[in-house]
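Dock chains B, C and D against chain A, hints included.
Chains as they are written, first to last, in the working numbering: chain A, 21 to 365; chain B, 21 to 365; chain C, 21 to 365; chain D, 21 to 365.
Mixed in with the good hints there might be a few duds.
Treat identical chains as interchangeable: a pair holds within one or across any two.
Straight-line alpha carbon distances no greater than 25 Å define the calculated SDA-like cross-link-like pairs of lysine to any residue that follow [said to hold, decoys possible]:
hint	residue 1	residue 2
1	K317	A142
2	K92	A57
3	K92	T69
4	K92	G272
5	K212	A323
6	K92	N43
7	K212	A40
8	K212	H327
9	K317	F328
10	K317	H46
11	K92	E68
12	K92	A72
13	K92	G294
14	K92	A239
15	K92	A324
Just so you know, these hints were derived from the structure itself, not from any lab.
Protein chains: 4
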Amino acid sequence: MNFASDNTAPVSPAILHAIAQANASHVASYGADPLTARAKSRASEIFETDLALYPVATGTAANALALATLVKPYNAVICAEEAHIATDECGAPEFFMGGAKLLTLPAADGRITPMQIEAAVARAIDGGIHHVQPEAVSITQATEWGTVYAVDAVAEIGAACRRRGLALHMDGARFANALVHLGCTPAELTWKAGVDVLSFGATKNGALAAEAVIFFNPALAAGFERRRKRAGHLWSKMRYISAQLGAYLEDGLWLDNARAANRAATRLADGLAGAADVRLVQPVQANELFVAMPDEKIEALEAAGAHFYRWIDVAGEPLPVIRLVTSFVTTDAEVDAFLALAATA
Amino acid sequence: MNFASDNTAPVSPAILHAIAQANASHVASYGADPLTARAKSRASEIFETDLALYPVATGTAANALALATLVKPYNAVICAEEAHIATDECGAPEFFMGGAKLLTLPAADGRITPMQIEAAVARAIDGGIHHVQPEAVSITQATEWGTVYAVDAVAEIGAACRRRGLALHMDGARFANALVHLGCTPAELTWKAGVDVLSFGATKNGALAAEAVIFFNPALAAGFERRRKRAGHLWSKMRYISAQLGAYLEDGLWLDNARAANRAATRLADGLAGAADVRLVQPVQANELFVAMPDEKIEALEAAGAHFYRWIDVAGEPLPVIRLVTSFVTTDAEVDAFLALAATA
Amino acid sequence: MNFASDNTAPVSPAILHAIAQANASHVASYGADPLTARAKSRASEIFETDLALYPVATGTAANALALATLVKPYNAVICAEEAHIATDECGAPEFFMGGAKLLTLPAADGRITPMQIEAAVARAIDGGIHHVQPEAVSITQATEWGTVYAVDAVAEIGAACRRRGLALHMDGARFANALVHLGCTPAELTWKAGVDVLSFGATKNGALAAEAVIFFNPALAAGFERRRKRAGHLWSKMRYISAQLGAYLEDGLWLDNARAANRAATRLADGLAGAADVRLVQPVQANELFVAMPDEKIEALEAAGAHFYRWIDVAGEPLPVIRLVTSFVTTDAEVDAFLALAATA
Amino acid sequence: MNFASDNTAPVSPAILHAIAQANASHVASYGADPLTARAKSRASEIFETDLALYPVATGTAANALALATLVKPYNAVICAEEAHIATDECGAPEFFMGGAKLLTLPAADGRITPMQIEAAVARAIDGGIHHVQPEAVSITQATEWGTVYAVDAVAEIGAACRRRGLALHMDGARFANALVHLGCTPAELTWKAGVDVLSFGATKNGALAAEAVIFFNPALAAGFERRRKRAGHLWSKMRYISAQLGAYLEDGLWLDNARAANRAATRLADGLAGAADVRLVQPVQANELFVAMPDEKIEALEAAGAHFYRWIDVAGEPLPVIRLVTSFVTTDAEVDAFLALAATA
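For reference, chain A alone in the conformation it holds in the complex:
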């Protein structure tokens, strides 16, 4: 019963197999290899557009490099108060951007709105030379609260960005989970809705260490490769990240894994719905649940061996809140064991 995080999960066998298959001698280094080319062309098929794709090993690197490419050091990024880039990357975006600021907006369910963005821009303009000016917006899909922006919601943000001359970045550490929840195409959820750059996550969904920064307008990627190199994120043996991305994108593995994780989350949510002293504080739309329950129940679950994190307080919710995360290896048995405990604890 481990619901601590999707990053405690293992690597999908098909991905491990692809790494082993990549193990030939004397392959060109630094990305000039066929596997890296294949990862890019496969992504291009899936997203139905020409794109620039850069493999990196971590989500923090993907986000920080993407934002640094979009935003000058004296400008700013608009994002949600609880965005991963704002709270969980130890200042990586600021470091990579050379000190540019994050302008954070309150977002009770993790989603920011075009109206908030407009207001932030207006205030910055009002501040003139003294106030940093936004140059990009970053949204998380699925959000840190396990919710998902509808395609229209993304498109409205995209439109606001175009009106204001802002680039739009999507932190897609759990992009696959959002996509299978919505049932739309990858293109509809990204560039067709105005997303310029996507941090496309694989690590939480079955890879070993593989993310891709995808620019839907390759012209926006100027300088990215140099930034990746000087950040120590250019692998000499890059084929071993690219092999992961290739296997992830072949045969629908990425969607299968995401569906399995979301299904387990839904099973958990459905099972918890009945309990009188338990409340879901957010809708469950991906593979994360935020659940309010009495302290004694939390302690009883922990004592019984369930793993999860206590989360930050939720406004208006008197009970403490825990976070449960499922992954592609979460079994029905694990879920049911947890539900049984939750029902009795």
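Coordinates of chains B, C and D only, in the frame set by chain A:
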């Protein structure tokens, strides 16, 4: 006949195997796992001392993070003019250190001397508030010219550093190659000689993507973990780097691989010694050769399918110079085929 | 009737005179001059303690250099949401600190509390390696809302900082205005209350371009001089800043100027108190007023030639808000003219 | 007999007078004042072209802000080994550029050549993704060795920059001294010769603290104002820098002062030419002399009260070298007193 670089080599089977073995479910993330602990304790045995060890995926990350931990943004690092940190990391040290400078010293064979270090320090002090002050020295072992600092040479630099209050960093991307050349112990070549921090390379010598930053005085490592996180170099599934390091250090794999690479380099050097129009421009002490030869011979070798890089001009050497790099998978057949071509070309 | 800002005011004649007096030939550059020594010793007398004092030309430089000296790039500063360092310095603190973050706290009247600080620290600790950790607190005295921390309030924040191992910085761009409002000693309002570093402003209160960064514990100032130099804030002819500071601190000029500015603000506040459609949205404790009034009145005042800024919306206040700032040259006649207009507009 | 530096000199009376004249009440802050507009229009007349002009207080700020505007953090600036930006600004360019590197070229007399620039570019291109790429060249006029680039020499560097797509920056801390030596027009020495940005110094030549960053192509200045603000170099009372620049540029004061300083340097050089044990190690073309002489003579001069600096060793010169700097207040009497001592010492 591929002598382009040791980073075109594959992964040692034992290391691939260790990655597959690490593939259990629900392992604690961010390094709180037994494989990471094991990599550290194994390094501690090998270096015969307590130490702090941090796995990262690239050598540039290892160097830049190590130096940023040692050096404040308004200070400087002394190193050789041709040091990898100065010429081949696209400014990563400056980026990670927040703008601190590299003060470079000419070093015809890649090795700098205590006397040069003393002179650089004296000049900086003379420059007062206007001149950046050195806070660390970085040496490369084996050097970028395929030469190796003797244990005594390192110790003399270590002594100069202590006199001047400087930290001593060793870029050990090819540490194993230097070590087996010298036949000393890892401790003798590092902390016993005054080295404070080692970038301990494995990627060029059989790993997939694995380096370790080793602080022999763990107190010097303050802040390292935060710097690693904010640089995007903290893997969520860190066990998969640690598994590589573990296998690399078990059963002498690291030394065996280095011996194989060095042996191939020596075989190449011995074979080239006879040719009248070919000159080794540096002693061959690790797994790199720098060879001067007429342009026509270089072209003939390239035409015959040999892979290598043309290098920068060498002072006093009228002929162009090529670099040949061997690795643990270089075969005698490859070497001999190259030598046969070189003899006739 | 110019209430736009105290930085549209001129230079006090005594300060201009001191600059002219400093104009001898061949004075040692970069601060090794008697006027710089005198500014420091005079501050030491006034603050009744040994201290390190560094003249700089702007308040943004003073704040950013002070914070960069206190806080490592991977850490953070706690401050109020509307702090000048957070909203009006175009990211200078982040730039100088190498990307460290500001963790902002809501503060309706500009003042943050020890309880808020404790909560921010607790949350950061809870976030572990992923969340930046506070290393300093910065408070503004007088605040951006024209309010003043009582001596006890500063002391309670100082105590919270010591409990949590945080340094305490005070942005004293309007320190003199706060001091004369409180009637305490400079020592009571700073180091005796736990303030480690003060940005001591003079420019808004009669100087040409002069601020001083004062470290009450000179050991904390390590590296400050190098940071000042590499930021381009070390004047070669430093005596001309120091002469300003000297004149500012001699004969109580700094206190006289502040008293004049505060008195004008009080006169304005008293005069506005009667008007039915006008509300002071903050207590007036220094030389700034924030006044809610109907749009038509604002427009009428502007049309009549009054200069001031429209301010950001104030929660719970339906009317728009303007800011009025007085200075040492504000005359009773100017105030009364404004009041007359406000009464009729 | 003070020849330590031109920054120990006082302020020209006309400049002090202009500051006093600027001391009116309620002048718009942050540069929106008539004096700032006048400084710009006057420079435009003098340089015979439209331009963007930004006043700052120090030469280091001018240089570092100019370079940061031209060069991205992952690129580099080509300059002379002994350039002020490389050796005497404590890393300010690297700080402001976000870690971009300086690629330094040996320059025995302070002047670099188009051929050196071409070679540096070629080497960088050869280094590919691993090597920082130059984006600008910076030359100093007059140089750190007191020599002056001829107009043609600047134009040839300008042509090399255009061929290679590099911006050309001129550090003109002593621009006036170079200009009066050459007798050309300001336009000929700058934009007509391919200079894009000039750090135009006044402080060493009679101002209190005033430099101007001048972009001859205003489009290149994008972002400059934000960089200046976030570096703490935007003065609230900017009129007091602009007043200095205005007076400096009116009535030829800047040229008169430079002529006086150069004349004193020439008188010194002529007087020293005769002495048997004294050698000028560089031609004297501006207001600096570098003089080799026996240690005993240096000591005797110091003992007699002459002020100057001992300089770094000069290759091929066995005697120690001192630097003598003249300024607009150096008198014939001072020069002659020094010469008398030098003849006898």
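What hint numbers does the structure not satisfy?
2, 3, 4, 5, 6, 7, 8, 11, 13, 15
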